[in-house]
Amino acid sequence: ETSYNTVIADLGHAMEIDLASEVFREMGERGIAPSVVTYNSLLSVYEKAGAVDMAFNLLDEMYASGVKPDEISYGSSISCCAKGKEWEKSLALLVRMHQEHLQPNLYCINAAIHACGLAGVNQKAEALLEVAVKTGLEPDLYSYNNLAMAHINGGDPEQALEVLDRMRENGIDPDVFTYGTLLCICEGPEGLDRALGLLDEMREAGIPMNVVCYTAAITACNKSQRTDISWQLWKQMNKEGIKPN
RNA sequence: CUAUUAACUAAG
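Its first residue numbered 1033, the first sequence is counted upward by one per residue in this note's numbering.
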């Protein structure tokens, strides 16, 4: 059984959705009973595909066959809703967890924040952060980074930038993902200054740049028609030994 | 043995 679990999860990482489902079916045909881990592995496959309906069906199947979904099952399913752009369903799953007397952990909440973030429903994302705190969870980098994305997609760049201070106040240091996210909101001439300011902040904080950040910054320059600065950044990137992709 | 985050690229 453990072999099957591993294979299914690995096929998921390789994005071999159909193969993974096939292996799962074959397992049943050979009379091997799937465990929670088996189901969770398959759920993680659906998650990567954003196959929301299949994930929901599998959850039902778990209950039907007497295998109780756990936090990981729900975490994967919620993340599946994010990838499938179904933020309302991700919230519905949190409600369902509550009904099943399961306490959502940070994975679940963060995935839901991500789902809301992609959809730009930033007030829901804020509400989720509150839920986390109220239930005794400590929001982490994922929580705040996803929250910043929610504000960006929600059309509120100012609030996105405020997330920087809010996380520091709570003892979470922004990382390369945080800045990578924020660099995306730098459109127009004033946005360019913000982008360069963020780059300085990163330097001061000793956060190493990567390709994503450079690409985001360069994109910001291009949107502001400042190809001269794009070029400077490009040279700097090469000087730091970061390979373009 | 299983789960959560950023850029560019395609479509529009």
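The reader is advised that the hints may include incorrect statements.
Claimed, not checked - Derived pair list, reagent style BS3-like, types lysine-lysine, alpha-carbon separation capped at 27 Å: (1) K1255 with K1271; (2) K1255 with K1267; (3) K1267 with K1166; (4) K1115 with K1100; (5) K1117 with K1080; (6) K1100 with K1080; (7) K1115 with K1080; (8) K1117 with K1100; (9) K1275 with K1255.
What the hints assert, rightly or not - Label pairs and their in silico Cβ distance ranges: (10) E1093 with K1117: 20 to 28 Å; (11) N1242 with S1067: 53 to 61 Å; (12) G1229 with R1057: 38 to 46 Å; (13) E1233 with Y1095: 18 to 26 Å; (14) E1272 with V1127: 16 to 24 Å; (15) S1067 with G1229: 21 to 29 Å; (16) N1254 with E1033: 50 to 58 Å; (17) T1247 with V1039: 45 to 53 Å; (18) N1277 with V1165: 33 to 41 Å.
Worth flagging that the hints you see were computed from the coordinates, not collected in a lab. The beta-carbon is built from N, C-alpha and C at its ideal position, and this holds for glycine as well.
- Task: Would you check the hint for K1255 and K1267, treating anything up to 27 Å between C-alpha atoms as holding?
- Result: holds (19 Å)
For this session: Verify the proposed pairing of K1267 with K1166, using a straight-line Cα cut of 27 Å.
Result: Between K1267 and K1166 the Cα gap is close to 47 Å, so the pair fails against 27 Å, i.e. violated.
- Message: Verify the CB-CB distance for T1247 and V1039 against the hinted window 45 to 53 Å.
- Response: violated (35 Å)
Requested in this report: Mind checking the hinted window 18 to 26 Å against the Cβ distance between E1233 and Y1095?
Outcome: violated (48 Å)
Q) Is the straight-line distance between the alpha-carbon of K1115 and that of K1080 27 Å or less? A) Holds: K1115 and K1080 sit about 7 Å apart, inside 27 Å.
Just to be sure I understand the hint, the distance between the Cβ atoms of N1277 and V1165 should be within 33 to 41 Å; is that true here? With Cβ atoms ~38 Å apart, the hint holds.
Holds or violated: the 21 to 29 Å window for the beta-carbon distance between S1067 and G1229? violated (51 Å)
Check your understanding: Does the Cβ distance between E1093 and K1117 fall inside 20 to 28 Å?
Key -> At 24 Å between Cβs, range holds.
Taking 16 to 24 Å as the stated bounds, is the beta-carbon spacing between E1272 and V1127 within them? Given about 47 Å between the Cβ atoms, the range is violated.
Check your understanding: Does the structure keep K1117 and K1080 at a Cα separation of 27 Å or less?
Key -> With Cα atoms ~12 Å apart, K1117 and K1080 stay inside 27 Å; holds.
Run the distance test for K1100 versus K1080: straight-line Cα separation, threshold 27 Å. Cα-Cα ~22 Å, so holds.
Is 50 to 58 Å respected by the C-beta to C-beta distance linking N1254 and E1033?
Hint holds: Cβ distance 52 Å, inside 50 to 58 Å.
Checked against the numbered hints given earlier, this structure breaks hints 3, 11, 12, 13, 14, 15 and 17; the rest are met.
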